[in-house]
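Visitor: Sequence:
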Amino acid sequence: MNSARQAFETVLKGRSLPADEAESVIGEILDDVVPDALVAGFLIALKMKGETALELTGGARAMRKRARQLELRDGRVLDTAGTGGDGAGTFNISTGAAIVAAAAGIPVAKHGNRAISGRVGAADVLEYFGIRVDLDPPGLRRCLEEAGICFVFAPAYHPALARLAVLRRTLGVRTIFNLMAPLANAAHPRYQLLGVSERRLLRPMALALAALGTERAMVVHGDDGLDEISLETSTKVIEVRGPELDEYEVSPHDFGLQPSGPVEFLTADTRSAADLLQATLAGDPGPAADVLALNAGAAIYIGRGAKTLAEGVKRAREILASGRALETLEAMKAASQYSAKNEKK
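Residue numbers (this note's numbering): 11 to 355.
Hints were generated in silico from the structure; no laboratory data involved. All of these numbers come straight from a predicted model, not from anything done at the bench. Beta carbons: idealized from backbone N, C-alpha and C, even for Gly. Just so you know, not all the hints are guaranteed correct.
To be verified - Label-pair distances were calculated between CB atoms; the ranges are:
(1) Ser26 / Ala344: 45 to 51 Å
(2) Gly333 / Ser282: 19 to 25 Å
(3) Lys317 / Thr243: 24 to 30 Å
(4) Ser26 / Gly182: 20 to 26 Å
Take the sequences, apply the hints, and build the full model.
Guide: Encoded structure:
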């Protein structure tokens, strides 16, 4: 606990932590040897200072070391988890993007949780569809083989997060754990589409992904504040190719899409989020389908299912129009329920 106190004092002074110190203090928090009051103070102080790439890298390493072992295709899978916390109240775009990417033939291990700082988490909407989110590794492997997609429920593979859930909900704000979670998928995905809710997080998250050995990734932030590729404004992108970073912008016009604000795909609760997602996956056209195509197209591109981002968006639009994405959702449901039933035997 001494390292946690020292780290708290360092951060309170506005100084950043080296990666090894960040790994140590996050490890102590995960090991439940730091009082909740100190944890809360540290998390808020770190947020106010601004998390650095080294702090994110060290913290993610601490989480990875304590995660349950999960071997899925030697990490040759895609994840679309983002940081959340944009407060926009949109439907689950990254979850939909994962499903569309799977329908395109990209193996997907979607990492996620129930709602922490937002209204509806990935686990909430998937459970609403009847998908079991609490599967052990054999069940996840079955889902991946049969549906092309599985859901890696963060608390199940990072048990220490369950203890912190109450504290995080009490704080009610985005903390470093929201940022580290998509960096600590127990499946160690080589490909990631990662949205961030603050522009300043783009480069630290991209550098952390590179330091953690990610093969290909895109870190995105919409100029309208979305932690997704925006349908309303330009989106800042940092593409990660091994150790190399490439920064650029994209806009809806680049893909022949009509700009539209998030008001067209806002949802109030789990039911409305699930209804909109299901209708969109079934082929309903409109702004929800367009924003999903943008993000799913990026996922397909990063997962090596398209040579260019434009080609990825085109593929995503075709898949959505065909209804194949809804078939993938149904296959995921069937495989997860079968796996859960057989795990009990």
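Visitor: Regarding serine 26 and alanine 344, is the given constraint of 45 to 51 Å on their beta-carbon distance met?
Guide: 47 Å, holds
Visitor: How does the Cβ-Cβ distance of glycine 333 and serine 282 compare with 19 to 25 Å: does it lie in that range?
Guide: 21 Å, holds
Visitor: Measuring from beta carbon to beta carbon, are serine 26 and glycine 182 in 20 to 26 Å?
Guide: Distance hint for serine 26, glycine 182 holds at roughly 25 Å.
Visitor: With respect to the beta-carbon atoms only, verify the hint that lysine 317 and threonine 243 lie 24 to 30 Å apart.
Guide: 26 Å, holds
In summary, the structure agrees with every hint in the numbered list given earlier.
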